[in-house]
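Chains A and B, in that order, give the protein sequences.
For the first sequence, the working numbering begins at 6 and goes up steadily by one.
For the second sequence, the working numbering begins at -7 and goes up steadily by one.
Don't read these hints as lab results, they were simulated from the structure.
Keep in mind that this is a model prediction, so the values were computed, not measured.
One should not assume that every hint holds.
In silico DSSO-like pairs for lysine-lysine, Cα to Cα no more than 27 angstroms straight-line [as the list claims (entries may be wrong)]:
(1) A:K316 to A:K296
(2) A:K107 to B:K122
(3) A:K79 to A:K110
(4) A:K136 to A:K79
(5) A:K65 to A:K159
(6) A:K113 to A:K136
(7) B:K202 to A:K110
(8) A:K79 to A:K107
(9) A:K159 to B:K202
(10) A:K65 to A:K79
(11) A:K79 to A:K113
(12) B:K202 to A:K136
(13) A:K159 to A:K107
(14) A:K159 to A:K79
(15) A:K23 to B:K202
(16) A:K110 to A:K159
(17) A:K110 to A:K136
(18) A:K79 to B:K202
Computed footprint of chain B on chain A; a stretch qualifies when at least three of its residues, placed anywhere within it, have a C-beta under 8 angstroms from a C-beta of chain B [claimed, not checked]:
(19) 84 to 97
(20) 102 to 110
We put the CB at the ideal spot given by N, CA and C, even for glycine.
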Amino acid sequence: MADVVLDGVEKEYENGFKAVTDLNLTIEDGEFLVMVGPSGCGKSTTLRMIAGLEDITGGKLMIGGNVVNDVEPKDRDIAMVFQNYALYPHMTVGDNIGFALKLAKTPKDELDARVNDAARVLELTELLDRKPGQLSGGQRQRVAMGRAIVRRPKVFLLDEPLSNLDAKLRVQMRAEITELQREVGVTSFYVTHDQIEAMTMADRVAVINRGLLQQVDPPQKLYDDPDNLFVAAFIGSPSMNLMEGQLDRDGGAIALTVGSQTLEVPASVLAARPALEGYFGRTIVAGIRPKELEDASLAGDHPAGQRLRGKIENVEALGFERIVHFEMDAVPVVSEDALELPEDIISAELGGYDDVKSAHPSRVAGRFDAMSTVRPGDMAEVAVSVERIHYFDLDSGLAVRS
Amino acid sequence: MSDTTLTRQAATARAAERQGVGGVIYGFLRNIPTWVLWLIVMVWSLPTVGLFVNSFRDRDSQRATGWWSIRPGDLTIDNYDEIFSASASTSLGDSLLNSMSIAIPATLIPIAVAAFAAYGFAWIDFPGRKWLFIGTVSLLAIPLQVALIPLLQLYVGGAHLTLPFIDKTVTIIPDFDLVGTTTAVWLTHTGFALPFAIFLLHNYMSQLPKDLFEAARIDGADHFTIFWRLVLPLSVPVLAAFAIFQFLWTWNDFLIANTMAGTNPDAIPTTILIANLAGDFGRNEHLLPAAGFVQAFVPLVVFFSLQRYFVRGILAGSVKG
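Input sequences plus hints: build the corresponding full structure.
Structure (structure tokens):
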């Protein structure tokens, strides 16, 4: 058991590309920390630096209080699960799991006992004599886990271990890995591009983009209170609706103007974030989660000043809810960082950042109750939970909080 | 689901294509590669069949008619009797042993050396690795024949260097008196096999999944352990392939054996013995088919015992898919 401390860790390749910049991160003893980010953001590089498979070009890496920058992988007391499992194809499951112990010259009876223990925990006992080629994807995944836990290492490193499984199995293995980690209580560092994995499995999530750490927080905090535009846009599906708006004083309350429409925001919002006062009269970024939008006809007596209207472009019926996309004439905000998100988050028809900025109107997604009867082409009357709107500085992209 | 759907779609498409004259022509064209393959098989194996049949016919019938005019009553095993009891100074049995003592070291030693070298070139990062590898591979371009005489001189007298000005001669390689031994033959084969062996094994080993090596490193394996426990077992198909090629080539070689050992009747391999059997002016030409089949028997055994290692998919299950 040990904590892992990354103190200003950097990775610069010989061609000058900087994969990771000044990374400060502490993985607490026994914690399950998930690092999430778009592809090429430096998350796998970070993991490989902790594993010792990649040289660290700056900063300090400590495992259990010892600086291990120049320590060989095998002497770091870590275990790693690879994206494609990396099982030894010519060895049986039992030999695969016991390989590290065998190399460490563990006595035969202890080796057998530990392999059998690991196999029992992972329900692999009947498969110990099979070769990896005879196993299903989920079973191979479990063998890879077994190879890690049998060593009782200080730290588990998991590199997108579920990305080769089909969707159903992934949900199951997600739960299995989380439970297993809790059971053995080993400090774990898990890398993924899948925010669902990050949110469901982690004690804390670290969001990283272009080699820069964006925010480290428990999943709920990350969702409720994103530090900046990137985290706001990255976490949550569908993504948070971000558009330019303007705040003005309107008697006792505040008026938020987005495009040609105005929302009444209660004064309590200003009381919670006095800094917003400095933005009066200026352009600010307003972020509204799709779940804060509801079909007004289902929202009862929602105040008329807290509604938006827009033409419905598309309705995705998911059974338990409907995701409604409607158009507004507000200026959409897409952080340049967010443009590098996978295409399912930023729709493909958006060209570059400038196109996006000039493209009126913006498309807004709302998660309506399944009872909603709206259809494409209708004008939507949308109730907005105005107290839950997020505000960001347009220039810095940072959340306005205080 | 998608698999079966696709198969069914493909089947429907094929059925549609088969209809009418176009379908007949299409079906015919589709089978052309198969016909060509059968043709090649015929062209290649027919002479061998002819040789095999002739090995059971006596001298006169071999000279008078072709092998296809064989009648069952003509068959005789006299030719085989004769070559096994030939009263040459070296018997066929001795020459087979000589062939073995050339082909076996000439196969195993290059594999052993080249496996280490190929692993080093593929997975150990050392300065000059790229240029050393290019240099090694470009040795493939050197024809064996240009080295015959220099090598022979080396085996005859060793290698000596006379230093200029001080007029002193230094022995670099002493005279091991290798001429006329099987050692000289397999040593030559080994040297000329190495570039190709390293090239072939390197290409295979460098294709092994990188993750396996990283997993092994984390599991605590050093280079030697990775090589011994991981790379060698996974390289069995390519080792077997190379072993077959190399064994056949050295077993069937005449030129090197004749140059290096042809002068010593006690050291000659079967290929030379057979050539000598025919005698001056082809007096005993009729023995050649039978002797050829004795000579070919060993390679056949080697091939069929190793060919199962060519089975694909030895890497199955290591990484995704």
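Against the structure, the hints:
Proximity of A:K316 to A:K296 is assessed by CA-CA distance (about 18 angstroms); at most 27 angstroms being required, the pair is judged to hold. Taking the CA atoms of A:K107 and B:K122, the gap is about 34 angstroms. The hint is violated against a cut of 27 angstroms. Among the hinted pairs, A:K79 with A:K110 is consistent with the structure: their alpha-carbon atoms are about 14 angstroms apart, no more than 27 angstroms. With a C-alpha separation of about 25 angstroms, the suggested pairing of A:K136 with A:K79 holds against the 27 angstroms cut-off.
The hinted pair formed by A:K65 and A:K159 meets the criterion: a straight-line CA distance of about 18 angstroms does not exceed 27 angstroms. Taking the CA atoms of A:K113 and A:K136, the gap is near 21 angstroms; set against the 27 angstroms cutoff, the hint holds. Distance restraint check for B:K202 and A:K110: the Cα-Cα separation of roughly 25 angstroms lies within the 27 angstroms cut-off, and the hinted pair is therefore satisfied. For the hint linking A:K79 to A:K107, the alpha-carbon distance of about 13 angstroms falls within 27 angstroms, and the restraint holds.
The straight-line distance between the Cα atoms of A:K159 and B:K202 is roughly 24 angstroms, inside the 27 angstroms bound, and the hint therefore holds. Under the criterion of a C-alpha separation no larger than 27 angstroms, the hint pairing A:K65 with A:K79 is consistent with the structure, at around 18 angstroms. Only pairs whose Cα atoms come within 27 angstroms are accepted, and A:K79 paired with A:K113 is accepted, the gap being roughly 20 angstroms. Distance check on the hinted pair: B:K202 and A:K136 sit about 20 angstroms apart at the alpha-carbon level, within 27 angstroms; holds.
Distance restraint check for A:K159 and A:K107: the Cα-Cα separation of roughly 19 angstroms lies within the 27 angstroms cut-off, and the hinted pair is therefore satisfied. With a CA separation close to 12 angstroms, the supplied pair A:K159 and A:K79 stays within the 27 angstroms bound. With a C-alpha separation of about 23 angstroms, the suggested pairing of A:K23 with B:K202 holds against the 27 angstroms cut-off. Taking the CA atoms of A:K110 and A:K159, the gap is near 19 angstroms; set against the 27 angstroms cutoff, the hint holds.
Taking the CA atoms of A:K110 and A:K136, the gap is near 23 angstroms; set against the 27 angstroms cutoff, the hint holds. Using a Cα cut-off of 27 angstroms, the hinted pair A:K79 and B:K202 holds, with the two alpha carbons roughly 17 angstroms apart. Taking a C-beta to C-beta cut-off of 8 angstroms, the stretch 84 to 97 of chain A contributes 11 residues in contact with chain B, enough for the three needed, and the coverage statement holds. Proximity of the stretch 102 to 110 of chain A to chain B, defined as three or more residues with a beta carbon under 8 angstroms from a beta carbon of that chain, is established by the 4 residues found.
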